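Visitor: What follows is the residue order along each chain.
Number of protein chains: 4
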Amino acid sequence: MSVSPVSPASPEVPVEPRRYHHRYPVRVYWEDTDAGGIVFYGNYLKFMERARTEWLSALGFGQESMRRAGEGMFIVAETTLRYLKPARLDDQLTVTVVVTEIGRASVTFAQEVWRADTLLTQGMVRIGWVQPVTPRDASVAQAGDEASGEDSFRPARIPARILAILPTPISASKG
Amino acid sequence: MSVSPVSPASPEVPVEPRRYHHRYPVRVYWEDTDAGGIVFYGNYLKFMERARTEWLSALGFGQESMRRAGEGMFIVAETTLRYLKPARLDDQLTVTVVVTEIGRASVTFAQEVWRADTLLTQGMVRIGWVQPVTPRDASVAQAGDEASGEDSFRPARIPARILAILPTPISASKG
Amino acid sequence: MSVSPVSPASPEVPVEPRRYHHRYPVRVYWEDTDAGGIVFYGNYLKFMERARTEWLSALGFGQESMRRAGEGMFIVAETTLRYLKPARLDDQLTVTVVVTEIGRASVTFAQEVWRADTLLTQGMVRIGWVQPVTPRDASVAQAGDEASGEDSFRPARIPARILAILPTPISASKG
Amino acid sequence: MSVSPVSPASPEVPVEPRRYHHRYPVRVYWEDTDAGGIVFYGNYLKFMERARTEWLSALGFGQESMRRAGEGMFIVAETTLRYLKPARLDDQLTVTVVVTEIGRASVTFAQEVWRADTLLTQGMVRIGWVQPVTPRDASVAQAGDEASGEDSFRPARIPARILAILPTPISASKG
Chain A
12 MSVSPVSPAS PEVPVEPRRY HHRYPVRVYW EDTDAGGIVF YGNYLKFMER
62 ARTEWLSALG FGQESMRRAG EGMFIVAETT LRYLKPARLD DQLTVTVVVT
112 EIGRASVTFA QEVWRADTLL TQGMVRIGWV QPVTPRDASV AQAGDEASGE
162 DSFRPARIPA RILAILPTPI SASKG
Chain B
12 MSVSPVSPAS PEVPVEPRRY HHRYPVRVYW EDTDAGGIVF YGNYLKFMER
62 ARTEWLSALG FGQESMRRAG EGMFIVAETT LRYLKPARLD DQLTVTVVVT
112 EIGRASVTFA QEVWRADTLL TQGMVRIGWV QPVTPRDASV AQAGDEASGE
162 DSFRPARIPA RILAILPTPI SASKG
Chain C
12 MSVSPVSPAS PEVPVEPRRY HHRYPVRVYW EDTDAGGIVF YGNYLKFMER
62 ARTEWLSALG FGQESMRRAG EGMFIVAETT LRYLKPARLD DQLTVTVVVT
112 EIGRASVTFA QEVWRADTLL TQGMVRIGWV QPVTPRDASV AQAGDEASGE
162 DSFRPARIPA RILAILPTPI SASKG
Chain D
12 MSVSPVSPAS PEVPVEPRRY HHRYPVRVYW EDTDAGGIVF YGNYLKFMER
62 ARTEWLSALG FGQESMRRAG EGMFIVAETT LRYLKPARLD DQLTVTVVVT
112 EIGRASVTFA QEVWRADTLL TQGMVRIGWV QPVTPRDASV AQAGDEASGE
162 DSFRPARIPA RILAILPTPI SASKG
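Protein chains in written order, with my numbering: chain A, 12 to 186; chain B, 12 to 186; chain C, 12 to 186; chain D, 12 to 186.
Hint data in this document are derived by calculation from the structure and do not stem from the laboratory.
Since the structure is predicted, the reported quantities are computational estimates derived from the model, not experimental observations.
Treat the hints with caution; some may be incorrect.
When chains are identical, the list treats them as one kind, so a pair holds in a single copy or across two.
To be verified - Listed next, the in silico SDA-like pairs over lysine to any residue satisfying Cα-Cα at most 25 Å (straight line): (1) K96 / V144; (2) K96 / A175; (3) K96 / T129; (4) K96 / P143; (5) K96 / H33.
Model the full assembly from the supplied sequences, consistent with the hints where possible.
Guide: As structure tokens, then:
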């Protein structure tokens, strides 16, 4: 976990703005740390989600209004994270968002967490679009019917108006 | 924060079984701790909620089925916690539940977190019963109407069949 | 939980800037919510802590450097919260910080969480200053000695250089 | 996300005891869920960690005492999770632990989360052993020296006495 010295000739090369669809700042608070004195690894998923949410919001996508309208929502289908170096209390981090693939029903991201020019965590997150299986009033009528209730979402094609606002994916090959 | 030696003559006096409506064991995991090396104070609210949930479940109360049936649910209205001594990774704790007051719309608890015979945290938690304001299909129809959506619950009287299963409160005067 | 209509004549009166020592914005993400569709009540403690941390940081107080130097740290000693109205996914909240009392060993805050001009949560948080009981190398030498290890902090007077940067308390009488 | 009917002839076949090194029960509480009405995906990492911790503890491995003695600790180096079906409030889950590979400095696990005979989440978790780089008093002396402080752990060989208690790995090929 040694930190390579950074020569003045190449400052912050990896965080070159055009390579990312979005960058999001995160400060590390007590809530994020664990008794090892570092950020609890599970919390990087939260940091990455915050960055995707702000990016979607900046694109004009209102997750909560679509969810409450019963139109559907993105849920996380797969995550792969490599924890390279630890972050600590008070650290100021940058979480990056890159869309690497857009499919009919899912979107794949490459995400990273940086402290200045040090890469701390690398991740791949795939999210899938789901729709409610039944109208909500139906689920109310069948309350207590666990079997029907437990699968109230199903994978679905991403609505065209969402696809329309998504950017062109950037190949993950250089990641 | 010194620990007084416990004489053999008074082992675990404070955790006398009959004083509690419920006792619930909690092990401290990495997720519960912070960089101070101790349990993050906010997590005691989680420990206390787990204990109340198991107690309600043992009484035959199904929170999730009532919620999904639109009949209502308990939400937390007020919490007061005093953090006396810290818990640490791997500690085996006991969370206690005492009902101290039952009102028309709310139930008040005294809760404690113990490590063996050492009291770590003392709390008061008041929960209130709420019901959906409107049928869910109505909220779907009005999606995007934030004003209507944001208050979709309202305080209500606790249903008689729930009151029927609650135990007689124990005075908090000695707490 | 009804929302009173807000007349145009009194916009945001309660969030008048001079009444607060600090104001901090919080966006509600998925991680903050629970199956009731609202922010999990325990998470307001996190929001309030983030606001206090940013306020301390703005005052020039470095929590992590003092902690790692073994000089001491603030730990939360008491919290009282009233949950008035729920916050929801995507909500943009403002968390306020008011110092209401400064003692020899503790600082008391009144904190609130607002969504625009709607007060959602009111809280009192008291933090106490603690110092390591023993040098860290001593604790290493005694590893496995649970009795000595478990109380490695003790309450202490707040260092003068911290007191020097704290603002004059604002009376909580109108809170 | 449909659930296949389970014939009485094949009850819980996938959770056959001998295939796992450990099985750990988890109840879903409010704290675990999000506004989608399901368990927040990031929390499966917590469930899996709890299961590994109880398994290590059952083997006689005291994480906290080794950490506090400065001997070292396991940190999570990599996680891959596939979220197949959602878990909900009040669900009773089983988290399984299988050691699939033991290297000099890391241990790899296959972990699953089940609700009865329904597989909800599949994961791979790799943990690495790390040791403090410097004695703790040295880190105190250099407080404020961020460059030295930030890498206070380094990867190391797993101590022989820990290797001695680990079980024979089970091939992940059928996972």
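Visitor: It remains to establish, for every hint, whether it holds in the given structure.
Guide: Now for the hints, and whether the structure bears them out:
{"no.": "1", "hint": "K96 / V144", "result": "between (42 Å within a copy, 14 Å between copies)"}
{"no.": "2", "hint": "K96 / A175", "result": "neither (37 Å within a copy, 28 Å between copies)"}
{"no.": "3", "hint": "K96 / T129", "result": "within (8 Å within a copy, 36 Å between copies)"}
{"no.": "4", "hint": "K96 / P143", "result": "between (40 Å within a copy, 14 Å between copies)"}
{"no.": "5", "hint": "K96 / H33", "result": "within (22 Å within a copy, 29 Å between copies)"}
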